[in-house]
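Reassemble the complex: the two chains are provided individually, in unrelated frames, and hints are given to aid placement.
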Amino acid sequence: MAKPAVLTHPESLKRLAGPSEYAKDPANASMSKADKIALYTKMARIRHFEQRCIRIYQQGKIGGFLHLYVGQEAVAAGTISLLGKHDHIITGYRDHGHGLMVGMGMNECMAELTGRVTGCSQGKGGSMHYFAPDKNYWGGHGIVGGQAPLGTGLAYAVKYMGLKGSCFVFMGDGAVNQGAVHEAYNLAALWDLPVVFVIENNGYSMGTSQERSTAHPGCLAKRAEGYGMAWDVINGHDVYEVRAKTAVALKRAHEESKPTVLEIFTYRYFGHSMADPDKTYRDKEEIKGYRENKDPVLLFEQELLREKVLTPELSQKINEAAMAEADKAAIFADESPDPTVADITKHIYWEEDNRGPDTTSRGTIIFE
Amino acid sequence: MAVISYREALRAAMRDELKRDDKVVIMGEEVAQFNGAYKVTEGLLKEFGPKRVVDTPISEAGFIGLGIGASMLGIRPVMELMFWSFSYVAFDQIVNNAGNIRYMSGGLINCPIVIRGPGNGGTNVGATHSHTPEAILASHPGIKVVCPATPYDAKGLLKAAIRDNDPVYVMENTILYNDKGEVPDEDYIVPLGVADVKRVGTDLTIVAHGRAVITSLKAAEILEQEHGVSVEVVDLRSIRPLDEETILASVRKTHRALLVEENKPFCGVDAQVAYLIQSRAFDELDAPIHRVSSIDAPQIYCKRMEDQQLPDVNRVVREALKVLA
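Read top to bottom, the protein sequences are chains A and B. FYI, in our numbering the residues of the first sequence are 1 to 368. FYI, in our numbering the residues of the second sequence are 1 to 325.
It is possible that some hints are incorrect.
Claimed, not checked - Which residues of chain A face chain B? A partial, calculated answer using Cβ under 7 Å:
{"id": "1", "residue": "Lys124"}
{"id": "2", "residue": "Phe131"}
{"id": "3", "residue": "Pro133"}
{"id": "4", "residue": "Trp138"}
{"id": "5", "residue": "Gly153"}
{"id": "6", "residue": "Leu154"}
{"id": "7", "residue": "Tyr156"}
{"id": "8", "residue": "Ala180"}
{"id": "9", "residue": "Leu187"}
{"id": "10", "residue": "Ala189"}
{"id": "11", "residue": "Val341"}
{"id": "12", "residue": "Ile344"}
{"id": "13", "residue": "Ile348"}
{"id": "14", "residue": "Ser361"}
{"id": "15", "residue": "Thr364"}
Said to hold, decoys possible - For each label pair, taking beta carbons as the anchor points, the in silico distance ranges come out as:
{"id": "16", "chain 1": "A", "residue 1": "Ile54", "chain 2": "B", "residue 2": "Thr128", "range": "33 to 39 Å"}
{"id": "17", "chain 1": "B", "residue 1": "Lys322", "chain 2": "A", "residue 2": "Gly64", "range": "31 to 37 Å"}
{"id": "18", "chain 1": "A", "residue 1": "Asp358", "chain 2": "B", "residue 2": "Ser279", "range": "29 to 35 Å"}
{"id": "19", "chain 1": "A", "residue 1": "Thr208", "chain 2": "B", "residue 2": "Cys267", "range": "50 to 56 Å"}
{"id": "20", "chain 1": "A", "residue 1": "Gly105", "chain 2": "B", "residue 2": "Gln33", "range": "45 to 51 Å"}
{"id": "21", "chain 1": "A", "residue 1": "Glu335", "chain 2": "B", "residue 2": "Glu47", "range": "57 to 63 Å"}
{"id": "22", "chain 1": "A", "residue 1": "Asp338", "chain 2": "B", "residue 2": "Ser279", "range": "26 to 32 Å"}
{"id": "23", "chain 1": "A", "residue 1": "Gly64", "chain 2": "B", "residue 2": "Asn124", "range": "43 to 49 Å"}
{"id": "24", "chain 1": "A", "residue 1": "Gly226", "chain 2": "B", "residue 2": "Glu221", "range": "55 to 61 Å"}
{"id": "25", "chain 1": "A", "residue 1": "Ile344", "chain 2": "B", "residue 2": "Asp22", "range": "34 to 40 Å"}
{"id": "26", "chain 1": "B", "residue 1": "Arg20", "chain 2": "A", "residue 2": "Gly105", "range": "54 to 60 Å"}
{"id": "27", "chain 1": "A", "residue 1": "Asp358", "chain 2": "B", "residue 2": "Asp55", "range": "54 to 60 Å"}
Just so you know, the hints here were simulated from the structure itself, not pulled from any lab data. Predicted model, so just to flag it, every value in this text is computed and none were measured. C-beta atoms are modelled at their ideal positions from N, C-alpha and C, and glycine is treated no differently.
Chain B with its partners taken away, still in its complex shape (with noise of 0.2 Å):
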């Protein structure tokens, strides 16, 4: 197994769905001439010509939206948003139309969509730049949002999104873009809707997604040298469809859950994951759920604070000795 980068693991799916489908083609400002600009679809322009890896102008509502029409007839467009900030001049094309065509239409349509690229703060740029809107597009029936945090998972839930028949919208992190991790060479997909316990524990449970996993498994690292707890870790990998049952499951084990996200807290993804527990595993409760989120303002372009204001490891710690207590 090959170790690669988060990046290159982005890139590995996109090249082996636009080899599997010729119905395949990547969309996007900068992907094709320019390479990317994260580097992400390097190189696909010069491997698979003009045809299929096509530069847009920047032009959110209008290629976003000739994207989900060409969905609708059949072609698989895989779209870059530089920044998921970005879809916001786009938000009438990637809620109304994508996400609401299906359903209007009596089932007589459906959009096989993906919008990707980074969606999140951390990185220096101030607040138009650094939105975390998989809670509010999660919102929308209709829509399927997932947010890897690892090369693995980077690929295998890229390659289920370019099959899936519905619009599905990946978020990624450009601080994750370097990471590197064992990736297979071969064909795998990770299904949407299926979390992943990326570290077993027995005394609390971390509900993350996104970097707030990695955030959250080097915190469990902590945890357990210096205080002698043991802490599991489950990573959503996707927000929806929303895989309850392993949530449930790890807190029908340690009785006691904190939820970490990147999003601003008010109606972030952990309200309605906390909703959950307190629904189906009241009982299981040794104490009340906790949360960590951003700091609840726009993205401060600070970096000194801004790296305060996300969850760091120090504020995971505290906020899950406190449930332990």
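Looking at chain A on its own, in the form it has when it is part of the complex (with noise of 0.2 Å):
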């Protein structure tokens, strides 16, 4: 039996519509009417990108796992929005939603998960390995907490080069229990790193709710305190308060150089994976109570449009533009070439795709 649950949710979480407390905060104040709009229409072009995917997985083009990011949207625009250029994310496999915040697009993404050359990652990395180091992303990465050394090091690379920065490590619910979770924690609260762990509690780790998977459920922030981390609770349908409460963190990254943990409370629509047929620990009541109630891209809708930033043509338009955009990709997708035999044994090392003076090794590296 687990244990009884100490519950630690925001009290916004038993909201279900009406004004967000938090529009008015400081995070969300300074925000341009295009600003909002901008956050909103990424919002959108997610939930569309994600429900394409559905099916083109159905069609049978879309190989290995799909994790689908529905329902979860508010989390990755209401952190990323907020970040600046010495700011780094990392997460793990369920990584399209960040992708896109963070500006890549459409067709690279879609291109990624048919296995083109033209994707993301030339079709070598797939659903769970999105990457854009340009855009300061540093993946996708496909074992759960794996991600969470490797962010406390983009942290560290930050303050060791005396830029005012952080790096949001993301992960699911699951994450919490890995020993390489704990180890960063340790390693950024000791070191004061520019960390901010970002919990995103989807409420199950694969099929595994928290009851069954964690010791003390209820709030798996709380953690922190053992490392003398600050933590934060967040309801992760209103992408108001996730901005109001990041930005806290965010700012004790920049000015005390300290890391903090947020558990951000979402949910899923789609099953852990697409392979997932999703019968066995859940209710379809449940997954009704969310699409229906706490929505966090059409509470955000609502929001604007009480606003009056947003009018429901306006909407509209933002909708049909992000689907046709996602129709595209597909389309994109299906028509670009596959890779080459020639490029399996490509970018696997840096000195064999960089021969020149400064490539010193000598050798037989890729074997027959």
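Here you go:
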């Protein structure tokens, strides 16, 4: 039996509709009308990209595992929209939303899913391994929690170089029981590294609920206290709340070079991956409840309609454009060529890809 | 040219590179204040300060992963593992992350990280501290592995590793740390993937790496003195990349090959070398290839037996005579 839950959920989670209490928070009040429309557009683009993926997956064009972000959009949108030049991000395998948020194109993202050479990783990474280092996006990592030490290292590098920046390490609620995450917590706190660990708590580590996977369930962020780190819990259905509370952690990283653990309560509408029939561990009513009452994209749309930032017409236009963009990306992914057999042995070693006066190694490095 | 120890040669390489490139950071358990569990990093904290020489907690998955992450942004961490045996708790970071990120990103990222430390048996510490993972790690494309046997090679290979833009894993040997040899003071590197003929001969080629080179050189001397056999000893120095041409050239000259390593035999480095020789120099061989490896069991604690579990001079001589028969 799991221990009794000590629930430390944000009060605002109970909110079903109505204005966000964080609308006037400086992190949100500082946004212009255009900023807000841009943020809503990004959330809508994630939603429609992911929904388009489902159809392509069902057509058998996407192999392997496809972990969808539908329902969790406000997490990536709220956090990443705050970041600046020296702020970096890294995440696990549910990585499409973060990629679109940092500015990756739908074409390169979709083509990666269908294994095309035009994909962001030239068809070598797949759904779980998106990368865009030019946009400070360091993946896309397949092993649960394995990215936590890497992200801590990115923050270490930022600090070593004397830059005012941070690294946001995203992970699911299942990752908090991995040793690598705790080792990363310890190092981040011990060395005062500007890391923000973001637990995207969607309630299930694959098909295992928190009560069945985690001692002391109810508040995963609180484990930060064991390492002397600050923490907070956030209603991840309200993008304003995500921004308001994340801004505090970001400031802590920038001003004090101190880490934070944020637990953002969210929900995924589809299975762990498309390989999950989603029939054994939760009922349809639960999903329906979230879809109808707590959908982050709809809630933000309503918010912006109330603020008269959006009109129904503009919203429709934004959504139609996002759908059209996803449709075009699907065609692009379909029509792009595969990598070649010769491509299989490229991008293994920097030295092999960059032979020149600076490369000194010899000998055989790719074997027959 | 100064005569210094293998340990001092490694330290000299790190000192040179710390001076040359301010992105180089030494990191590991006990490397700074304690002066190194095996004193390899002795004095570096005093000379370079705590920003460049950093003590980590006992947390291999954490700090090795941190080093890999930092390397993606251009820091050049030189991470010490107190024993390569401890790499097993950081395996996901060492293999999945350092080894795969370049590939999975379609070449957008590289990890210029060095992980170094002793990876050897023979020190009477039992199975958990006596692993020799060079074959395991070198079997992963994306990773480079070197095993220096002499002070000269230790300095040259470590400097090359630190300047390399890919992950390079340097496997040292605690038993060699006090071995002395001539090492130039001036800057030089031993390029990765270049084997070294440590002894020239005509009748038999011995291929070895790490401390097995030293054992093989002693065996070669006995074979010469007591059996009148001229033995060539090829020191691989680098496991991946592998200098296949030097191995083949030697075998084409002597027509006989004995492969010696301190790994266990199954899928050892020499399994790959044996395949190479039979596939590209089969017609040159006058006798089957023989191997001398560690006796196939977890490392035994008992010192007297461990010395026999590892390839020793007598076993190398005995096996060489079989190849020559």
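Do the hints match the structure? See the list:
Evaluation of the lysine 124 of chain A hint against chain B yields a held restraint, the C-beta minimum of about 5 Å falling below 7 Å. Taken as an interface hint, phenylalanine 131 of chain A checks out: its beta carbon lies about 4 Å from the nearest beta carbon of chain B, inside 7 Å. The beta carbon of proline 133 of chain A is positioned within 7 Å of a beta carbon in chain B (closest approach about 5 Å), and the interface hint is therefore held. Nearest Cβ of chain B to the Cβ of tryptophan 138 of chain A: about 6 Å, under the 7 Å cut. The hint holds.
A hinted interface residue such as glycine 153 of chain A counts as satisfied when its beta carbon comes closer than 7 Å to some beta carbon of chain B; here the least separation is about 2 Å, so the hint holds. Of the supplied interface hints, the one on leucine 154 of chain A holds, with its beta-carbon coming within about 5 Å of a beta-carbon of chain B, less than 7 Å. Nearest Cβ of chain B to the Cβ of tyrosine 156 of chain A: about 5 Å, under the 7 Å cut. The hint holds. Because the beta carbon of alanine 180 of chain A sits about 5 Å from the nearest beta carbon in chain B, less than 7 Å, this interface hint is met.
About 5 Å separates the beta-carbon of leucine 187 of chain A from the nearest beta-carbon of chain B, less than 7 Å, and the hint is met. Proximity of alanine 189 of chain A to chain B is violated relative to the hint, the smallest CB-CB distance being about 11 Å (cut-off 7 Å). The closest approach between the C-beta of valine 341 of chain A and any C-beta of chain B is roughly 15 Å, which is over the 7 Å cut-off, so the hint fails. Taking 7 Å as the C-beta contact cut-off toward chain B, the hint placing isoleucine 344 of chain A at the interface is violated, the least distance being around 10 Å.
Because the beta carbon of isoleucine 348 of chain A sits about 5 Å from the nearest beta carbon in chain B, less than 7 Å, this interface hint is met. Interface hint at serine 361 of chain A: satisfied, since its Cβ lies 4 Å from the closest Cβ of chain B, which is below the 7 Å cut-off. A distance limit of 7 Å between C-beta atoms decides the matter here; for threonine 364 of chain A the minimum to chain B is near 5 Å, and the interface restraint holds. Range check, isoleucine 54 of chain A to threonine 128 of chain B: about 48 Å between beta-carbon atoms, so the 33 to 39 Å window is missed.
Judged by the Cβ atoms, the range 31 to 37 Å given for lysine 322 of chain B and glycine 64 of chain A is violated: they are separated by roughly 50 Å. Remark: the range hint 29 to 35 Å for aspartate 358 of chain A to serine 279 of chain B is upheld by a beta-carbon distance near 32 Å. In this structure, threonine 208 of chain A and cysteine 267 of chain B break the distance hint of 50 to 56 Å, their C-beta atoms being roughly 36 Å apart. At about 49 Å, the CB distance of glycine 105 of chain A to glutamine 33 of chain B agrees with the hint of 45 to 51 Å.
For glutamate 335 of chain A paired with glutamate 47 of chain B, a C-beta distance near 59 Å keeps the hint of 57 to 63 Å intact. Separation of aspartate 338 of chain A from serine 279 of chain B is about 30 Å and conforms to the stated range, judged on CB atoms against 26 to 32 Å. Distance hint for glycine 64 of chain A and asparagine 124 of chain B: a CB-CB separation of about 47 Å, consistent with the stated range 43 to 49 Å. In this structure the supplied range 55 to 61 Å holds for glycine 226 of chain A paired with glutamate 221 of chain B, their Cβ-Cβ distance being about 59 Å.
Judged by the Cβ atoms, the range 34 to 40 Å given for isoleucine 344 of chain A and aspartate 22 of chain B holds: they are separated by roughly 37 Å. Remark: the range hint 54 to 60 Å for arginine 20 of chain B to glycine 105 of chain A is contradicted by a beta-carbon distance near 40 Å. In this structure the supplied range 54 to 60 Å is violated for aspartate 358 of chain A paired with aspartate 55 of chain B, their Cβ-Cβ distance being about 32 Å.
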